[in-house]
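Q: The lines below spell out each chain.
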Amino acid sequence: MSSKQQRYEALVQAFHKDIYRYAYWLCHDSSISQDLVQETFLRAWKSLDSLKDVNAAKSWLITILRRENARRFERKQFDLVDMDDVPLADDTSMDAEAAMEQQLIRRQIQMLAPEYREPLLMQVIGGYSGDEIAAALGLNKNTVMTRLFRARNQLKEALENSSELRRQGNG
Amino acid sequence: MDDLEFRRRLIAEPYDNDDDVKAATQGDNKRQQFAQEMQALDDKIASALNVDVPEDLANQLLLRQRFSEHQQRSEKRKWVFAMAASVTLVVTATFALWPKPHANLADYALAHVYHEPDTMLHLDENANLQQVNAKLAGYGAHISQASGRIFYANHCDFKGKRSLHMVMEQNGQRVTVFVVPHVDSFDDTPAEFADGHYHGQFYRHGQQGVVIIGNDSEVVESTSKTLADSIEWQSI
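Line by line, the protein sequences give chains A and B. Numbers in the working numbering are just positions in the first sequence, counted from 1, shifted up by 4. Numbers in the working numbering are just positions in the second sequence, counted from 1, shifted up by 446.
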């Protein structure tokens, strides 16, 4: 096996899950996500020689993924699938309350405006720092930090409201 | 760092490890608790983002890459094959169309004799020396005397060159004599040649060449001598 092949396989094993998840939160559709991941890794294979720094591999893949996603919108706007129709994570290990909470967070993440959601994806899935997000999105760091704040704040408030509601319901 | 700034920073980045955030947290229970809450929220967000990944996605990715690699390689192969074919075509066409010297005069003369077998067997036009010399004049040659009968003397096409094709009698046998102008346009021709059936000699006088072909090498030799004695050349 060529060393390029080995590098590629290592790349797939190490990052395909995170890249798939990132794709999923960009388009909320499993099969489109799989297509995006396929295109992303195929492009990665073709330009694997340009990846010099192993530590940059994940953000390199995310960059490719985001470009592929943008191309998808140039080609055609797919219909978004409603989250409720899509089987999500296996929640069997969670208790009912935690599962409900997770479902709520997911719905809230999906409802976030894209400009809030994407910095959050970069931070949590991609492991980017604020500066890296700013560089990737072409924004200044203050804007990025504000968006991250608003994104998380929305999620936080939604969770607080729901537990408030539950308390009231229970009371 | 005031409370508002502290909260903004931790909500934006719950795992912010900057020194000023650490310093702002230290010794402040409320802030520590807030930081822990935000980190707990972030863990929930992270686990919410961890949607299930199709089980065989990694395999599909590897399969797709192998497939495309294979396709690319076979396209490359196709391309190489096309290049090879086109080079072959060009080389072949070059060889076929390149204006090259005609084949060896001896081979051509033999082929000519085989092509007109009648001339060496029974064709008899009973030409006289005068007729022969009239034709030879065009090639700057003149024969003073013939050693025997002249069965045939006609212009013929010698690979695009007008030449004189004669069949003479020598020692009672038929001998073919070609007088060919501009022999330089042919490949080098050996002075003597033979195949299983015929013997031949070639000599040249300036640009003109004489090819003698007969069944017997001695007859060819004596024809050559006779001609050498009787033929006179003028420049044309």
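You may find that some hints are simply not true.
When the alpha-carbon atoms are kept at most 25 angstroms apart in a straight line, the in silico DSS-like pairs for lysine-lysine are as follows [said to hold, decoys possible]: (1) A:62 - B:490; (2) B:524 - A:8; (3) A:145 - B:524; (4) B:490 - A:8; (5) A:21 - B:490; (6) A:50 - B:522; (7) B:524 - A:160; (8) A:50 - B:490; (9) B:522 - A:160; (10) B:468 - A:160.
A short list of chain A residues far from chain B (calculated; beta carbon distances all over 10 angstroms) [to be verified]: (11) 78; (12) 160; (13) 170.
Don't read these hints as lab results, they were simulated from the structure. From the three backbone atoms N, C-alpha and C, an ideal C-beta is built for every residue, glycine too.
Q: Could you tell me which of the numbered hints above are not met by this structure, giving the numbers in increasing order?
A: 3, 4, 7, 8, 9 and 12
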